[in-house]
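Trainee: Take a look at the letters that make up each chain.
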Amino acid sequence: MTRPSLVERAARAVGRPALAAARATRDLWLVLVGVLAGVIRSYRPGGRRPPGALLEQLYVIGNRSLVFVAVTLGFIGMVMMYQACLQFSRAIGDLSQVGVQFLRLVVSDFGPTLTGMMLATRVGAGIAAEIGSMKVTEQLDALRMSGVLPIDYLLAPRFVASIVMTIALSLVGGAIMYGAGGLTAHLSFGVNPRTFFDPSLVLPRHLVLGLLKAACYGAAIPVVAGFCGLRARGSSEGVGWATTAAVVGSSFAVIAIDFALSVGALWLYGGEL
Amino acid sequence: MSGPTELAVELDDVGVELGGAALLTGVTLAIARGARVGIIGPAAAGKSLLVKVMAGLIPPTTGRLRLDGVDVTGWTEARLAPVRARIGMLFQNYALYDFLTVAGNVGFPLAQRGELPDAIAPKVRDRLRAVGLAGSEDKLPSQLSGGMKKRAGIARATIAAPDLVLYDEPTAGLDPVTTSKVYDLLRADHDASGATAIAVSSDVAGLCTFVDEVIFVYQGRLAYRGPTATLAEAPDARVRQFVSGALDGPLVG
Amino acid sequence: MLGERTLTQLGARALAVAREVGGIAILTGQVVRALVPPRLDGRELVRNLHRMGNRSLPIVALTAFFAGGLMVVQSAPFVNRLGATSLAGWAAGYAVLREIGPILIGLMFSGRVGANNTAELGTMTVTEQLDGLRALAIDPIRYLIVPRVLAMLIMLTALTILGDLIALAGAAVVAKLVIDIDWRTMYASFADNLTPTDFLHGVQKSVAFGAAIALSSCYFGVTVRGGAVGVGRAVNAAVVAAAVSIMLLDFFITYATA
Chain A
0 MTRPSLVERA
10 ARAVGRPALA
20 AARATRDLWL
30 VLVGVLAGVI
40 RSYRPGGRRP
50 PGALLEQLYV
60 IGNRSLVFVA
70 VTLGFIGMVM
80 MYQACLQFSR
90 AIGDLSQVGV
100 QFLRLVVSDF
110 GPTLTGMMLA
120 TRVGAGIAAE
130 IGSMKVTEQL
140 DALRMSGVLP
150 IDYLLAPRFV
160 ASIVMTIALS
170 LVGGAIMYGA
180 GGLTAHLSFG
190 VNPRTFFDPS
200 LVLPRHLVLG
210 LLKAACYGAA
220 IPVVAGFCGL
230 RARGSSEGVG
240 WATTAAVVGS
250 SFAVIAIDFA
260 LSVGALWLYG
270 GEL
Chain B
0 MSGPTELAVE
10 LDDVGVELGG
20 AALLTGVTLA
30 IARGARVGII
40 GPAAAGKSLL
50 VKVMAGLIPP
60 TTGRLRLDGV
70 DVTGWTEARL
80 APVRARIGML
90 FQNYALYDFL
100 TVAGNVGFPL
110 AQRGELPDAI
120 APKVRDRLRA
130 VGLAGSEDKL
140 PSQLSGGMKK
150 RAGIARATIA
160 APDLVLYDEP
170 TAGLDPVTTS
180 KVYDLLRADH
190 DASGATAIAV
200 SSDVAGLCTF
210 VDEVIFVYQG
220 RLAYRGPTAT
230 LAEAPDARVR
240 QFVSGALDGP
250 LVG
Chain C
0 MLGERTLTQL
10 GARALAVARE
20 VGGIAILTGQ
30 VVRALVPPRL
40 DGRELVRNLH
50 RMGNRSLPIV
60 ALTAFFAGGL
70 MVVQSAPFVN
80 RLGATSLAGW
90 AAGYAVLREI
100 GPILIGLMFS
110 GRVGANNTAE
120 LGTMTVTEQL
130 DGLRALAIDP
140 IRYLIVPRVL
150 AMLIMLTALT
160 ILGDLIALAG
170 AAVVAKLVID
180 IDWRTMYASF
190 ADNLTPTDFL
200 HGVQKSVAFG
210 AAIALSSCYF
220 GVTVRGGAVG
230 VGRAVNAAVV
240 AAAVSIMLLD
250 FFITYATA
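Protein sequences, first through last, are from chains A, B and C. Residue 213 in numbering that gives the first Met the number 0 sits at position 214 of the first sequence, and the numbers go up by one each step. Residue 224 in numbering that gives the first Met the number 0 sits at position 225 of the second sequence, and the numbers go up by one each step. Residue 111 in numbering that gives the first Met the number 0 sits at position 112 of the third sequence, and the numbers go up by one each step.
Because the hints were derived from the structure by calculation, they are not lab data. Among the clues, some could well be false.
Beyond 12 Å from chain C on every Cβ pair, some chain A residues (computed) [as the list claims (entries may be wrong)]: (1) R25; (2) W28; (3) T120; (4) A167; (5) A218.
In silico contact screen, one side only, chain B against chain A (beta carbon under 8 Å); selected entries [to be verified]: (6) E76; (7) R78; (8) A80; (9) N92.
Far from chain B, some chain A residues (derived; all Cβ distances over 10 Å) [stated by the list, open to error]: (10) A9; (11) L29; (12) L53; (13) Y58; (14) R63; (15) Q82; (16) Q86; (17) V99; (18) Q100; (19) A141; (20) R204; (21) L211; (22) A255; (23) W266.
Beta carbons: idealized from backbone N, C-alpha and C, even for Gly.
Modelling step: build the complete structure from the supplied sequences, incorporating the hints.
Mentor: See the structure below:
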């Protein structure tokens, strides 16, 4: 056999990852379509759904993430407000605008996005670990042998629960972040709480944008994590790989969705946002 | 639903490729209804893959799969569901659902076809007693030993009175006494139901106490098929070496 | 009673957290002791640096770029209102260098390198490879853990420095494309308002984040129990612990250095 030419090797070096990426994109798309179809099949009136699964997932995804989200968002709220006050007092010398601007940002972005990042870590890794280990121990094949579609049975309830709970936790996380920020501004910089907690800059569209972001993150996390879990091969390495990929993939999905929706909203409303 | 032929499983020139590697090549075989067939062969020869193809879990890249005379090649999961309802399968790693109790696992196939809990419970109890797991209904799979997991898996595979049972490594990792018990159980099940039984095992001696016929798979190909009684005198030297465990011979690797 | 059950659960959870924190503290002690006197397997360190850097550079670069862009988009309404385009670079650059850059890069690094490290060590633990090392009288801490901890610490710091630059570039690109601020205004806004202190503030955080990610990922890796399921759970626990540590450290460092 002759050595492949430089061109051929270069083509292969580019072609193989490109092909793998194209295949992964197609598979991710198939999981998304499968989940949506599964949600409709399971949750339409009279649809067949695993009993109690939705409630259990609401608890696992929502309640069990509450402390995690509250702690992380509380601390980041304090830090952000601290840095913001430092800068505002240095550059503008007036802290009366800090609170209203902060609330606008928390509602339209920081609340849902940081909650989404935290849930991508916790929930994304959890779903991928669970489905990945079911895959490598042949439990998914066993489900199929009983005539059950694994995506309907496992991912549909997680998908619905994740959307509901990401929205709920974004509201809670945003509130904690805002409160922690207000406390910091008051204690460290003497900002009057009455000036700080002023919602006059927040418009309905900010809330709509924030909730839309939360819903999209909630939808993206189980789809990306489920996709990674379903791809797990081998044994413990496979599950470890799937979990790792799920954390990175769903975190990045949150950032990308945030960027797309933020730019879209800015284009829609311009400086009026 | 009765097919036009007496064949339970029919593979016609089946090949499976995964990621560019040929894992099964040109497998043609037919297994009659009610037969007891063992599949043996070295590690990674494609034995487990072969039974997964038979269950419709892995679609063949080339060739056809017929179950009870019906060509099911390329069927969707939804179309396969009623066919699979008539197949029971014991998985190599037990594949017990770790979120369900033993009773929940064993009753799962029945629950999925819409039977009510009140109807399922007595059947599960009977089946668990038959496999020697009476009293373990409320345990979780993680609380069972390897042999108990195998038996729970067998109970789940056979509870819905399937026409075809696929056993992937029913005795791997079990001690000799438990192994004998498991084969006794398989034999009793077969005598009672008359279902077609196909078992994959690396334990040739144990397997031969259960099956009437043996298929030898080697490097993704069906290399030999013959009755259990004459296995040690098989014309294929590779089979003789594999069965006897001799170090010298034509087997590679 | 519901209240009693909740309290019991809360107590069990608190004990578990205490056990994990204690375990990580012990591991930290072992790592530090293994470094005094500094006998280090240099080749293993370089190999880990290479591997971790290769693995995480693309995702870190992409994240940093988006993070910079996002900060510009978020500050746009404020900048528009004040009509001061010269402030766009200040707001975005300041947020990126001090907070968003180190935090997002840290979280991504934890997901990519930290989680992967937990999975690897976890697999080695469940397949009894660590016991194998001990049987050969090789100290797993010195041989496996120390090079990984140092490599993660160094690599995250380096990636944060690089990521800061990429994020500022991302901010400039998005400012140009989305709110039409030209490059020169953006550059001037960066140059006039950002100080080396801002930059170092973020970099020192990344050192601490790197240590936290490294230690928690190693701890959860070597304490895995129970096969494939256990490895998945350990990775999950490691990334959650890293995220909490990042937020707590961020808070304490911000206040301590103010």
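Trainee: Does each hint fit the structure? Answer for all of them.
Mentor: Okay, the hints, checked on the actual structure:
1. The non-interface label for R25 of chain A is consistent with chain C: the shortest C-beta to C-beta separation is roughly 21 Å, beyond 12 Å.
2. Non-interface call for W28 of chain A relative to chain C: holds, since the shortest CB-CB distance, roughly 20 Å, exceeds 12 Å.
3. Against chain C, the non-interface label of T120 of chain A is violated: not every CB pair exceeds 12 Å, the least being about 5 Å.
4. A167 of chain A, annotated as away from the interface, keeps every beta carbon of chain C farther than 12 Å; the closest lies near 19 Å.
5. Every CB of chain C is more than 12 Å from the CB of A218 of chain A (nearest about 19 Å), matching its label as outside the interface.
6. Taking 8 Å as the C-beta contact cut-off toward chain A, the hint placing E76 of chain B at the interface holds, the least distance being around 6 Å.
7. The interface hint given for R78 of chain B is broken, as the beta carbon of that residue sits about 11 Å from the closest beta carbon of chain A, more than 8 Å.
8. Interface hint status for A80 of chain B: upheld, as the beta-carbon distance to the closest one in chain A is roughly 4 Å, under 8 Å.
9. Hint status for N92 of chain B relative to chain A: holds, with the closest Cβ pair at about 5 Å, below 8 Å.
10. Even its closest Cβ contact with chain B, about 20 Å, leaves A9 of chain A beyond 10 Å, as expected for a residue assigned away from the interface.
11. No Cβ of chain B approaches the Cβ of L29 of chain A within 10 Å, the least distance being about 13 Å, so the stated non-interface status holds.
12. No Cβ of chain B comes within 10 Å of the Cβ of L53 of chain A; the nearest lies about 14 Å off, and the non-interface call holds.
13. Every C-beta of chain B lies more than 10 Å from that of Y58 of chain A, the closest at about 13 Å, which supports listing it as non-interface.
14. A cut-off of 10 Å between C-beta atoms confirms that R63 of chain A is not in contact with chain B; the least separation is 15 Å.
15. For Q82 of chain A, the requirement that its beta carbon stay farther than 10 Å from each beta carbon of chain B is met, with the minimum near 44 Å.
16. The non-interface label for Q86 of chain A is consistent with chain B: the shortest C-beta to C-beta separation is roughly 50 Å, beyond 10 Å.
17. Taking the minimum C-beta to C-beta distance to chain B, about 48 Å, the non-interface status of V99 of chain A holds against the 10 Å cut.
18. Non-interface status of Q100 of chain A relative to chain B is upheld: no Cβ of that chain comes within 10 Å, the nearest being about 46 Å off.
19. Here A141 of chain A does not stay apart from chain B, with its beta-carbon only about 4 Å from theirs, under the 10 Å limit.
20. With 10 Å as the threshold on Cβ separation, the claim that R204 of chain A sits away from chain B holds: the shortest Cβ distance comes to roughly 42 Å.
21. Distance to chain B confirms L211 of chain A as a non-interface residue, since its nearest Cβ pair spans about 33 Å, more than 10 Å.
22. No beta-carbon of chain B comes within 10 Å of the beta-carbon of A255 of chain A; the shortest separation is about 29 Å.
23. No Cβ of chain B approaches the Cβ of W266 of chain A within 10 Å, the least distance being about 42 Å, so the stated non-interface status holds.
When the structure is compared with the earlier hints, violations turn up for hints 3, 7, 19 and for no others.
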